[in-house]
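Start from the sequences, fold in the hints, and give me the full structure.
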Amino acid sequence: MAVNKLTETKGYKAKTIGIRALAYLFLAFVTLLALFPLILLIINSTHTHTSLSAGFHILPGAAFGKNFLKAWNDTSMFTIPRGMLNSLFVAATSCILTSYFSAMTAYGIHVYEFKLKKFAFNFILIIMTIPTQVSAVGFIQLLRKFNMMNTYWGLILPAIAAPSVFFYMKQYIESSMPLEVIEAARVDGSNEFRTFNAIALPMLKPALAVQLIFAFVASWNNFFTPAMVLSSSKRWTLPIMISVLRTNLQSQTGDLGEVYMMILLSIIPVVIVYFFISKHIVQGVALGAVKG
Amino acid sequence: MENEVKKHKSISYAKWGYIFIAPFFIVYIVFQLIPLLSTFYYSFFESYRVGTQTVGPNFVGFENYASLFAPDRSGTILIFKYLGNTMIMWILGAVPQLLFSLVLAVIYTSSRLKIKGQRFFKTVMYMPNLIMAAAFAMLFFQLFGNIGPINQIISSNGGETVQFFNQVWTARGIIAFINFLMWFGNTTILLMAGIMGIDQSLFEAAEIDGATSWQVFWKITMPLLAPIMVYVIITSLIGGLQMYDVPQIIGYSTGAPGGSTMTLIMYLNNYLNGPSRNLGMSGALSVMIFIITGVLSVIVYKSMVTNPDKPKKTKKGAK
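As you go down the protein sequences, you meet chains A and B in turn. Residues in the first sequence are numbered from 1 upward in steps of one, following the numbering used here. Residues in the second sequence are numbered from 1001 upward in steps of one, following the numbering used here.
Some hints here could point you the wrong way.
DSS-like mimics (lysine-lysine), calculated; alpha carbons at most 25 Å apart, straight line [claimed, not checked]:
1) LYS279(A) / LYS1116(B)
2) LYS15(A) / LYS1116(B)
3) LYS1116(B) / LYS117(A)
4) LYS70(A) / LYS234(A)
Chain B side only, calculated, beta carbon under 8 Å to chain A, not exhaustive [what the hints assert, rightly or not]:
5) ALA1070
6) ILE1131
7) VAL1216
Everything labelled a hint here was simulated from the structure, so no lab data went into it. Don't be surprised by glycine CBs; every beta carbon is placed ideally from N, CA and C.
Written as structure tokens, this is what we have:
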């Protein structure tokens, strides 16, 4: 309290107000910067091709419905609703696998004493930063051998082994799961799998929620691997479809309103979900940081 | 008898440990480790296509590595050029990102400013990170295109059309800006967590001693934030080395203009998925990328291991 009295002089207070005003100004600028692409995208998706070619717009137009129907029903290169379904399927299955098996692995290493425990943990820590791209050559050859090219197996199955999600789960379990709970379950005659599924998993809900979302978004946005694996346009996920639009724009043959609408459709599900659960995400990122 | 029961118990639980970690390791070995090793293996073979014909696989030793580091007709060593491109675009995005994030983190955590509406600001700032990089790139490709809105504004003010994607520095700048926009929210949250982890009594003590905000920042916040800064910079660098989605769409597979936006992973993609399907060369290139990130990973690992101790030690020293 004595500290505050020293600093509560008139000059200090005035200065604080000044700096605060500057800080809010800066925050407003940054907020605008972060929102600007999305706002522009939404505005442009409401204009017709002719109106977009004619000049820059600050206000929305009236062609939202028209652009939507055109983007939704266009089958010339690919179909957007199909892409959304494909992306949804791949992202949903892989995020469930990632979260469940990362929790399971972390639980296994945390709860049980076994010879290779230390080795297993250090191994995962070491492989955590290996980029997936560097094993792409062998990965593609493997999928060819397994007859998994142009299928979703190669995108979904590897999700079971996600080192960084494991690491997050391990940190969370360490800080929030007392071993006594597991002991108690054993005394009650619960077998090990049941203990994990019925007692441990519910305790991990906050961490699972964060990782489910992150894994979903990562998979939804993934471009490199799907572009290598999926060759037929029926199986394409959204990022591949969006990348194909570039060819069209280069030759200036596409309908701009439709292009903007397609981009909007590819990101809007994630944006909507994000604004509902953003609190957990921001906290989740910070949590990972403190531990990291 | 009792001993036997105990022994039996612990053995059966050890078994469960292996069972629980088995799916992770099996999948990792099949889909990552074996491909990684076979990538290394392929790097010593000549294996590519010419038209419909397949050449190889024939063992060629280090020939692929030699041609990876051999200068092309114009005398440039492509792997160095593309590594350079990747680094330049990373630095262009990462430096402003770090400065921005540092300022933001200080503003958010300042006990003097007491910023309101933090949750709203943070939510909005983190959002670009979740938006599909491909969509972001496509949007900017359109915005800065020759007939895009930016050029419409320029020409309506009497300026000449700027061909943003045909000039080296504007093309690189736009790619860097997208990366900046996508990642500054993430960096801000990490740095904030770092600042909040600093012992508050240090700030109070500094205030009693009459330190200015500027002194507090440079003498307390920055030194104690150093470990997390190192972590942020190196993870960002590893992410930067993997830069692919944005330049691939903006620069196309050629890294237009003139290969100046071609990154290492795009180069890899061209060998691997291009018409030649050159497994040998892409294998050798993968090994090089692996080595570069491997060295950096060791540094990350070390900084992560020392992270929790460092602030504590300095805290004791300060007392």
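Within 25 Å, alpha carbon to alpha carbon, are LYS15(A) and LYS1116(B)? holds, 18 Å
Measure nothing beyond the straight line between the CA atoms of LYS1116(B) and LYS117(A); if it is 25 Å or shorter, mark the hint as holding. Judged against 25 Å, a Cα distance of about 46 Å means the pair is violated.
Taken at face value, is the distance from the CA of LYS234(A) to the CA of LYS70(A) at most 25 Å? With Cα atoms ~18 Å apart, LYS70(A) and LYS234(A) stay inside 25 Å; holds.
If you draw a straight line from the CA of LYS279(A) to the CA of LYS1116(B), is it 25 Å or shorter? The hint holds at about 16 Å.
Status of the hint placing VAL1216(B) at chain A (closest C-beta pair under 8 Å): With Cβ-Cβ at 12 Å, over 8 Å, it is violated.
When the nearest CB of chain A is found for ILE1131(B), is that gap smaller than 8 Å? holds, 5 Å
With a cut-off of 8 Å on the beta carbons, see whether ALA1070(B) makes it to chain A. violated, 20 Å
In summary, the structure is inconsistent with hints 3, 5 and 7 from the numbered list given earlier, while agreeing with the others.
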